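Enquirer: If you read the sequences in order, they're chains C and X. Going by my numbering, the first residue of the first sequence is number 1, and it counts up by one from there. Going by my numbering, the first residue of the second sequence is number 1, and it counts up by one from there.
Don't take each hint at face value.
As the list claims (entries may be wrong) - Okay, derived cross-link-like pairs now, PhoX-like style, lysine-lysine, Cα gap no bigger than 25 Å in a straight line: (1) X:Lys68 with X:Lys1; (2) X:Lys1 with C:Lys13; (3) X:Lys68 with C:Lys13; (4) X:Lys108 with X:Lys68; (5) X:Lys108 with X:Lys1; (6) X:Lys42 with C:Lys13; (7) X:Lys42 with X:Lys108.
Keep in mind that the hints were calculated from the coordinates and are not lab data. Here the structure is a predicted model, which is why all the values come from computation and not from measurement.
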Amino acid sequence: KAGVTQTPRYLIKTRGQQVTLSCSPISGHRSVSWYQQTPGQGLQFLFEYFSETQRNKGNFPGRFSGRQFSNSRSEMNVSTLELGDSALYLCASSSRRNEQFFGPGTRLTVL
Amino acid sequence: KQEVTQIPAALSVPEGENLVLNCSFTDSAIYNLQWFRQDPGKGLTSLLLIQSSQREQTSGRLNASLDKSSGRSTLYIAASQPGDSATYLCAVSPPWSGGGADGLTFGKGTHLIIQP
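With the hints as extra help, turn the sequences into a complete structure.
Expert: Set out below in C-alpha cells:
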C-alpha cells in the first residue's frame, strides 16, 4: 500500500506571495491533517479534513487555509507569506483507529 | 490546554545499551498516544500506537507503556543500534469526537544518538 505523498518537496517563495501544497493520503483513508514544524515551536496542528469538510482547526491565522477533494486528496494554501512561515509542512492521513501516518513533508522557505 | 513534555531532550549512549525515553502529558483525557521517530529532514514514522484503554504495546525491540492516570508514557528500546539514532516524538490525541482524526499534541522530542 502506498504511503502518504506530498508535493512539492521543496519550495522557495518571497514575502507576500502565496503557496499551495498538496497531499495524497493512504488509499482508503478519508481523514487528512496538516501540521507545521519549526525548530522553535515544534510540531503544531493546523487543521483536519474529513469527507471534504474541515472538522478541526488549530490556532493559526486565517492566511492558512485548506480543502479536501472527493478523492480525499487535500491541499493547503498560505497567503501573504511571512518570513515566519518558513517551516516543514507535514500531512498525515488517519486510519479508523486514529493512527496517523505522515508524509515526507514540504520544506517551505520564505525569503 | 494539553501540554506534552519529553525528557531527556537529548541522549547519547553506546551501542547495545537498553534505554528509556519519557513522555508526560498534563490532561489525562486522551484518546490514544503515539510514538514516532523522525530522521533529519524527513517526515515522521509511526512506531507504536497505544489506545487509552491499553497499558502497553510492543514491536520488535520497542516497548511503549501508558499510565493515563498519571499522565506518563515510556518508550523502551532494547539492545540499541546506530540505526536507532533519530529524534523520537511522543504525541497524544484528544478524546474521540465521532470519526476521523483530531489534532495531535506533540512533545518537543528526544534527540537520540547511538554511538557505534
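Enquirer: Compare the distance between the alpha carbons of X:Lys108 and X:Lys68 with 25 Å, and conclude whether the hinted pair is satisfied.
Expert: holds, 20 Å
Enquirer: Regarding the pair X:Lys42 and X:Lys108, is the alpha-carbon distance no greater than 25 Å?
Expert: holds, 16 Å
Enquirer: Check the hint pairing X:Lys42 with C:Lys13 against an upper bound of 25 Å on the C-alpha distance.
Expert: Measuring from Cα to Cα gives roughly 21 Å; hence the hint holds.
Enquirer: Check whether the Cα positions of X:Lys1 and C:Lys13 lie no farther apart than 25 Å.
Expert: violated, 33 Å
Enquirer: Between X:Lys68 and X:Lys1, is the straight-line Cα distance small enough, at 25 Å or below?
Expert: Between X:Lys68 and X:Lys1 the Cα gap is close to 16 Å, so the pair holds against 25 Å.
Enquirer: Measure nothing beyond the straight line between the CA atoms of X:Lys68 and C:Lys13; if it is 25 Å or shorter, mark the hint as holding.
Expert: violated, 43 Å
Enquirer: Are X:Lys108 and X:Lys1 close enough, with their CA atoms no more than 25 Å apart?
Expert: holds, 16 Å
Of the hints listed earlier, those the structure fails to meet are numbers 2 and 3, in rising order.
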